[in-house]
Each structure stands twice: as C-alpha cells, then as structure tokens.
Amino acid sequence: MSSYIFRRLLQGIPTFFGITILSFLLMLTAPGDPVSMIMFNPSATPEAVATMRRQLGLDQPPLTQYIYWLVGNDWAQIDSDGDGVGDSYGLRHGLLRGDLGQSLKHKRPVSELIAERIPATLQLTVSALIVGYGLGALLGVLSAVYHRSWFDQSVRLLSVVGTAVPAFWLGLIFIIIFSVTLDWLPMSGMSDITNRSGGFDLIASLKHLIMPVSVLALGIVASVARFTRTEMLETLHQDFIRTAHAKGLNNRRVWWRHAIRNALIPIATFLGPELGGLLGGAVIIEQVFGWPGMGRLVVNGVFQRDYPLVMGSVVVGAVLFIIGLLLSDMLYAWLDPRIRLS
Amino acid sequence: MTETALTTSIAKLDSPTSKSRTFWQDALAHLRRDRLTILAFSALLLLTLVCLLAPPIAENILKIDPTDTSVPDRFLPPGSEGHFLGTDHLGRDALIRLLYGGRISLAIAYSASLMSILIGVSIGLVSGYYGGGLDDFITWMISTLSSIPTLFLLLIAASLWTPSAETLVLILAALGWIGTCRLVRGQVFSLKQRDYVLAARALGASDFRIMFQHIFPNLLPIVIVTLTIVAGNLILTESGLSFLGLGVQPPTPTWGNMLTDSRSFFAKGTYLVVWPGLSIMLTVLCFYIVGDGLRDALDPRTARR
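First to last, the sequence lines map onto chains A and B. To convert, note that position 323 of the first sequence is 323 in the numbering used here; the numbers rise steadily by one, no gaps. To convert, note that position 84 of the second sequence is 84 in the numbering used here; the numbers rise steadily by one, no gaps.
It should be emphasised that the hints constitute simulated quantities derived from the structure, not laboratory data. Watch out, some of these pointers could steer you wrong.
Which residues of chain B face chain A? A few of them, derived with a C-beta cut under 8 angstroms, are [stated by the list, open to error]:
1. S143
2. P149
3. T150
4. I156
5. A158
6. S159
7. T162
8. L236
9. F243
10. L246
11. P250
12. T270
13. M281
14. L285
15. Y288
Using C-beta positions, here's what the derived DEER-type ranges look like [said to hold, decoys possible]:
16. A/F17 x B/A202: 39 to 47 angstroms
17. A/I21 x B/R21: 47 to 55 angstroms
18. B/Y110 x A/Q153: 36 to 44 angstroms
19. B/A202 x A/K247: 55 to 63 angstroms
20. A/F17 x B/L134: 15 to 23 angstroms
21. B/T22 x A/S188: 16 to 24 angstroms
Which chain A residues stay away from chain B? Per the calculated CB distances, all over 12 angstroms, these [to be verified]:
22. V71
23. S111
24. E112
Glycine residues also receive a C-beta, built at the ideal position from the N, C-alpha and C atoms.
Please construct the entire structure, taking both the sequences and the accompanying hints into account.
Structure representation (structure tokens):
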C-alpha cells in the first residue's frame, strides 16, 4: 500500500509543476505593472519603485523570475540599489513555502486571505459531498434492487434532470420558496448576524447550510445514483449472487451483505473527478447564497483585476483538487486489493 | 430441413429483397424507434429555429423590440396583453428577450462545442497515433489542465480578457477540448493496432491518410455523442459564467445574465427567475437525452430490438 501511495505521489509532481508554470505565465502576461499596483502611492519616487522591483526580482529574466516566484529570493543577496553589489535579502518567500504574493486590493498576503476563507468553502463542499454520496448511493442501490419499478423510474428521471438543472438557478428558486415566501430558512450568509451572545449556534448554522448544501449536492446525487444503479445491477447478475440465493439466503441478506459491498467500491473512483466540479460549483453557489468562502473572494478578485489573488486561489484550488484525486485513488486502492497489488 | 429448403433459404438471404444495411442505416433505424430521443431532438430543432428567427418574429408577429423599455409597463405579470411571459424591471418583453438570449446562448454552445471537438479530435488523433515524446507532452498538458477546476480556469481567462460572445466562444473552446482529447486518444491507441491499419500501411498509405481515412471514420460515433453532451455542458457553463457577471455583458441578453438581473426583483417578478432557468434546464435536458439516444443507436453492441 505504501509503495502505491508513493508512486501516486510521484505522479502528482509533474502536474503540480505544470500548474505553477501555467499560473506564472498568466501572471507574466497580465496587464499592469505589479509594483506600482502593490505600492499604489502616486508620490513614490522612481528610486523606491526600482528598489522594490529588484527586491521582488522583477528585473530578472523570466526564468529567474519563475524560480524566485517558486522558491523565493530571500536566501540570496540582492542588489537592491543597483550598484552591482549585492547588499540585502530579497522579499519573496516563494510559492513552495506558502508565499502567494500580495493582494493588490486588500494589501495583505494572499495566503492569509485564502486561509481565512477556506474553512467556509470546505464546510460547504464537504457537507455537499457527504450528503450527495450518501443519498446518491442509497437511491442508486434501491433503484437497482427495485429494478423497473416506479421508484426506479423516478430515480432515473431525477438523475437525468439533476444534471441538467443549473445549480445556481435552483438556489434562486429555493430562496424564493423557502426564504421569501415561507420564511423558513435564512436567505444568505453563514450564521445569524443578529446573534448577540456571540456563541456558536448549531441550529442557526445548520439552517444556513441547508439550502446551499442541498443545491450543491443535487448534481452529485444525480451522478452517483446513476452510477451506483448501473454497478449494482451488474453485480446482481454475477455468479456469487446466484450462489448466495441458492444457499437459501433471503433477498435482504444477499443485497445488503453481498451485493452492496462490491457495487459501492467503484464509486470511490468517482470521488476525485467530482471534486473539481464541486469546487467550481461552490464558487457560483457561494455567490448565490452570500457564503463567505473562497469563491466570493476569487470572483471579487476577478472584478478588481487582483491578479495575485486570482492566481493564488487557482493554485490553491488546483492543490485541493489534486489532494482530492489522490485521496480517492488511495481509498479505491484500500477498498479494492486488485488495484494496489497490480 | 431438407437440402432444397436450406438452399432456398440461403438464396433468399442473398436476394436483393433483404438488402444488407450499412452501419449508419442501422443506427438511423434504431433512432427512429426511440421516441424520447426523437422528441428531444425535435424540441431542440424547434428551439434553435425559433431563436434564430427571433428578429423577424419580434418585428412581424409580436411587434416589439427587445430593447424597448417602457416605465408604465414594468413588471407586467405573464399573460398580460401583448406580453405573453410578462415584462422585466425596465418594461422589456420577457418572451422576446428570452428568444434573443437563447440566440446568444445556443450560438455560443454550438460554435464552442464544434470548435472544442475539432481541437480535441485533432490533438487526440495525432497524440494517440504517433505516441512517444509528443504523446507524453500532450498527456502532461492534459493532466495539468484537468487538475485545475474548469471554472477557475475560466475565471482567469475572464480576468485577462474582457468577455464578449466571441471571446467567450474562444475561451470555452480553448478549455473544453481536454475531455474529448483524452477520449479520442484512448480510442486511437486501440484502433491503430487493428489489422486494417496495418493493411493500409502495407499498401503505402501516408500517416495522414491512415489517420483521417481509416481511423477517423471509426471515431465518428463517439465524436457525435460527445458533441451533443459537450454542447449541453457548455450551455450550463456559459449560464454560470454570465450569472457571475463574467460572461456576455448586458444589455445583450443571455439566459445566464437574465438570471443575474432577475435576482434583484424576487418579490415583484418571480416569473423573471423562472423563465431563463427553465429554458436552460430544458435545453440541456434535450441535449443530454439526444446524446444518450445517439450513444445507444451508434453502439453496435446495444441489443437491437
């Protein structure tokens, strides 16, 4: 198992470097001068701007800039006053050490901004993932077990319609029904701002979670249900199921003890790819429900042309996605010995 | 069975009355029996036609312009005289804006899906056929691009270039080919091992000829299915981007940015939220159903009933 994980980790490395190259190239082509945008001080002297440029390594050729951007230049003596002699350390710490640059709008490190917002996004996506997988698998299994019944037909309908509905539109419809008309659930935000005691209110948080999570989970429910149904139907036609029946086991026991275990394993492979769509979906859903996560941060960053913030978020989003792919592969290998031993 | 009976039945098989059907005729015959797919396909065709004809319809039948604003006619409910689906916050007719929006949304979906398929198939074909270092490079590019959530890539693109319908098509096509390419590449890997490829090569056919004359026709079934699914996906993506305000900019209507507008008027014009969303959903649904139907019809392994 550990050798499998190691191999899988090694495979992730070129991909990660590909992402850094892509982000760096985009940073390089982005319009506007980064230094004057960071300083944003009309009275800054040209000397001060030139000094900062050298400290950030922006006077270097692109390849050197890329290396500085990746591993930082605070370990090297930088010629900050332009006299040809190194005199002070650079200002970059490098992407690999968590330095994603300075946000042009917020005047704060991008890594700090993202770290503040990530828990909210993870809360949303992980809840949606759990709900989506749980419900999707359950519906898929039941639909296969009651093959060709009205229940099966409705699950099939749901799994087609569920992938065709734009999630943000469903969110708007939910807001109209449950917030505006019925006034059952809060329209936006993550917690009650009127809560004066300042303590954590579980009920209020759950109420805020219900709509965004169910909207985000719908797509997953649809695809997982569809996939599980197919897998389960296939499993039910295999020899060991017939043997189990022949042994005299009742249906319930055959389904729950024998079939489900085998049918559910391939769903683990589904987990990783689904995560990318989920992160993208979260960006839109956060906008609909005013959820204070990374999505809102990055969309505002796009509007404000805050390139370091946008690129930083992209790198973080990609890393989250790669970690998700890795975890799902590992889960699959752990569940299915044929994979890790091959 | 006597020997004569056997001979006549064999003769019957050879006779022109039981003509053999080509693969495409077979697929068409299968499709004809698939009522749901036919229904979805007709709906798509009708929708495309109506959206395409939106300007003459607006002029001659409804006698309204999509940009006509009228303060007294704001938020007329659906079914009002002259405004079948109601009016929006500026008094513009919802139906005609829906048709004009559909024009843009469908045009983007059709052209971007065609372009992305074209790119995906060419790169996948070359990469899968030649293999080696070129294939390694392309595989690396694919795995890099596909490990960034697509929406994030679109956000970068939207932040670098001001979005309009044309740039959006280019951006969506430039990012949408990855899935197709991966699929095609895998197929080409198995197809190039076939004997007929070997035979063609023995006859002295060039690589180009083998790729496009011999391998490509065998890819057509998946390419057609992928095209419909991708078109459906692109409608969803475009509407999401427009909803965020990063797609086609108002006042040009698209289904996505009509929803952005409608958000501010929940109380007065609930129906303004309903129409664009329903249009998106039904269109995407039709694309998916047609895609599924085509997959069944074009897969010779599907049991023919």
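Flag every earlier hint the structure violates by its number, smallest first.
Hint check: 7, 11, 18, 21 fail, others pass.
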